[in-house]
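Visitor: Take a look at the letters that make up each chain.
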Amino acid sequence: MRYLVSVIDDRENPGSTDRRPAISEFNERLIAEGYWVFAGGLADTDTATVVDNRGEQVVFSDGPFVESKEYLAGVWVWEAPDLDVALKLATEASRICDRKIEVRPFR
Amino acid sequence: MTEAAVVRAHREEWARLVAVLTKRFGDLDVAEEAAAEAFATAVERWPVAGVPPNPGAWLTTTANRKAIDRLRRESRRDDKHGEALTVHDDDAPVGAIDDDRLRLVFTCCHPALAMDARVALTLRMVGGLTVPEVARAFLVAESAMGRRITRAKTKIKEARIPYRVPATEDLPARVSGVLAVLYLVFNEGYLATGPDTDPVRQDLTAEAIRLTRLIRELLPQDGEVTGLLASMLLTEARRPARVSATGELVTLAEQDRGAWNTDLIAEGHGLVRERLATGEPPGRYQLLAAINAVHTSARDIRDTDWSQILALYDHLARVDPSPIVALNRAVAVAELDGPEVALTIVDRLENTLSGYHAYHATRADLLRRLGRSGQSRAAYDRAIDLAGNTAETAHLTRRRDQLR
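Heads up: the sequence lines are chains A and B, in that order.
Quick note: the first sequence uses full-length UniProt numbering, first residue 1, plus one each step.
Quick note: the second sequence uses full-length UniProt numbering, first residue 1, plus one each step.
Derived by calculation from the structure, the hints in this document are not laboratory data.
Please read all numbers here as calculations on a predicted model, not as lab measurements.
Take the hints with a grain of salt, since some may be wrong.
To be verified - Subject to a maximum C-alpha distance of 25 angstroms in a straight line, what follows is the list of computed SDA-like cross-link-like pairs (lysine to any residue):
id, chain 1, residue 1, chain 2, residue 2
1, A, K69, A, E56
2, B, K155, A, W36
3, A, K88, B, T130
4, A, K100, B, A117
5, B, K23, A, R107
6, B, K157, B, T130
7, A, K88, B, R174
8, B, K155, B, T130
9, B, K157, A, S6
10, A, K100, B, D170
11, B, K66, B, D100
12, B, K157, B, W306
13, A, K100, A, E25
14, B, K23, B, K155
Looking at chain B on its own, in the form it has when it is part of the complex:
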């Protein structure tokens, strides 16, 4: 199956390829196009000539050649572009960890770029999502997303945003922006938005975890880095139980907990304990990790310590008073005080969250538990309209159709 080989190579090699080419040619545009051309060539060539023994090396060689061809073409058209050929910035100061992909992340997450541009660029350049996929993840038009990514790349090039991991003394200031992006990349992987992609994109979750691990090596004492890593590991641990054999999303309550990854849970719990032992006040990611730790400590949904989860959400709502936190908190309230109380909280969020599928899905579930079938059905319909994830749509549709 050469098609599967190309898909796997794309998953495994895209970010490395873009990073290596960016290092060599000092230009994100050149790197991205050459990488894309190399994969396009693989799609044509591999079915005929067979999959090369070392796909990564084949892709690197091919992409290098494509990049040089392109620069030659351009230098004939415009001598100034010839300079790009000489930007082998091998003497550039090396940051604390010399990882090409980590450099790429710090470049894409530079504070001089707007937050939405940072996430879009990271998903494209590091995550290997296509522009239409990134556009779908953000619910914006493809052309607008294309322009946003192009503008960001132009700014990196023309304002000369450096391609490197920042020096140790600059790291703490730079890292929070990177964590925010990696968190979004992980979430996009865990609940992928496209109709044509896997409902869970393990390539994205794995890359987000790998990069967060590298950042933790840089800043082992940073509580939020550790918290984010723990939170990702404890979420990833549940992945094997998350989608049913028929491709339907399985909620936390219904998951087969025997299928959870115990190694990841042990590692995540270890990190959460490590942070608790410091006695320092926890930030957003540490609280998310603690909530995940309580969930993954229960052998059965009925053993879940909901009062502890609610206490953690109360704390989180003070640190991060966002409507999404309030929505998730309401789910814990429903377990402790019943769906009626929770529904009152959820209904108050309508103004800010009415375009968000999880708002309607949560409402639908609460209304179902209250026996208000008609309203529940309407809320499921709305959630189904807004949900981009195929497994989630399947789950919501079954739930709606069970209503009488």
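Isolated chain A, as found in the complex:
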């Protein structure tokens, strides 16, 4: 079962910035234990571009998340046998990243 694991930051109450080494170490463990599929941190929401080509002309704009209080700061994709395993890892991940974590299954 694959889960999208989103790291959620909060503009008003941001997580600490020195998490990189701890996250790298955690990633090593995810790889060693067979849970790791993919991971990546995201640049700031200011760097995002939204493309809308549903109308007659393509429109480029900045993202819908620029103004929102909470935003996506990074993602993992994990392979885990069930939600309990994923939630246990996410509990650790939240502490390690110092941020909220959303766990959501792929269909």
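Place chain B on chain A using the hints.
Guide: Leaving out everything else, chain B in the frame of chain A:
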């Protein structure tokens, strides 16, 4: 009476059937529908062909066949569903106790589900209540309850919430949520909400007790598990005296205490003493059990040690500062300091409890004791409007009609 046989089989076999089918097919939806179809078939078949010698086995076979039929139909429509047929998860790690119904409870009470969804799902899947019955127990619209239950089942399936009793090291964290649900299931059984159901649903109280006993086997040292079990046993002990021959609820004060179940009382008192002996600070369920123990120790309502009950409620109000605890505490205050003092406390709860039948019933009783008949009658009317339990409505109506 084949109809009675179906009703009894439903009471005795529903949860086991759903649990067995969930284990076999790995899907709550399939399990629930197949179980419901098997009972529907029993309703048609049994009056004609007679009640089978082993109704449980007949229902299991029938439900299995229904589930396989359904999965075949679906797999023709959509190949992906065919996979479900192969989910015979027999190698799944087994928890500390291998009881299918206990697994079902832990699945329905998973912390990833919202609390109201957990209770609703447990009442439906384990308690066998219909969706309209669950909706009535929660005072929400049937369609909304249907959606809530469907959403929870979808989450279990799509997020893959496992169907198992958690491993020993994970149990303590998981168990408090389960206790909260079992407490509500027991209470729904003890004061059932439906107009068409028995006022007391012994199937629900018995199942809640059975499951709490199993959890106690898993965690014998957990004070709250023991406390909840003791509290349930001491409440259940009073059940034979609780509804009169004419179907009216009999209050604690008026009950025939000779009809109480002495075995359950002895067992409950034993558990309360066991917890007291540990000297550990009691939690919510242990305090409820202690209050029940004081009530069931009195041979007559006049022998009740109200000051001890009030002291326990004071303690409970610190552990669980909910308005319902404050309301129950006020009943003890009325016995010690009189109805006037108690009414002052109760009136302060109006904002939070004005939609709760017991608030108005308690007020009505206090006003009656104060001789304020007009106000008492109005409070009884309000309580009658809100009460969902037929025996309680009968009791409140008689009390109101006695006012002059």
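Visitor: Confirm or reject each hint.
Guide: Hints, verified against the model:
Restraint check for K69(A) and E56(A): the C-alpha separation of about 32 angstroms exceeds 25 angstroms, so the hint is violated. For a cut-off of 25 angstroms, the pair hint linking K155(B) to W36(A) stands: about 23 angstroms separates their Cα positions. Proposed proximity of K88(A) and T130(B) is contradicted: the alpha carbons are some 34 angstroms apart, above 25 angstroms. Pair hint K100(A) plus A117(B) holds up; C-alpha atoms about 23 angstroms apart against a cutoff of 25 angstroms.
Between K23(B) and R107(A), the direct Cα distance comes to roughly 22 angstroms. Compliance with the 25 angstroms bound is thereby established for this hinted pair. The straight-line distance between the Cα atoms of K157(B) and T130(B) is roughly 21 angstroms, inside the 25 angstroms bound, and the hint therefore holds. Annotation: proposed proximity of K88(A) to R174(B) holds, straight-line Cα distance about 13 angstroms (limit 25 angstroms). Restraint check for K155(B) and T130(B): satisfied, since their Cα atoms lie roughly 20 angstroms apart, inside the 25 angstroms limit.
Taken as a hint, the K157(B) and S6(A) pair is honoured in the structure, with Cα atoms around 20 angstroms apart against an allowance of 25 angstroms. Distance hint between K100(A) and D170(B) is fulfilled; the C-alpha atoms sit about 22 angstroms from each other, no more than 25 angstroms. Among the hinted pairs, K66(B) with D100(B) is consistent with the structure: their alpha-carbon atoms are about 20 angstroms apart, no more than 25 angstroms. Taking the CA atoms of K157(B) and W306(B), the gap is about 50 angstroms. The hint is violated against a cut of 25 angstroms.
About 19 angstroms separates the Cα atoms of K100(A) and E25(A), which keeps this hinted pair within 25 angstroms; it holds. A threshold of 25 angstroms between alpha carbons decides the hint, and for K23(B) with K155(B) the separation of about 17 angstroms falls inside it, so the pair holds.
Going down the numbered hints, you'll see the structure goes against 1, 3 and 12, while the others check out.
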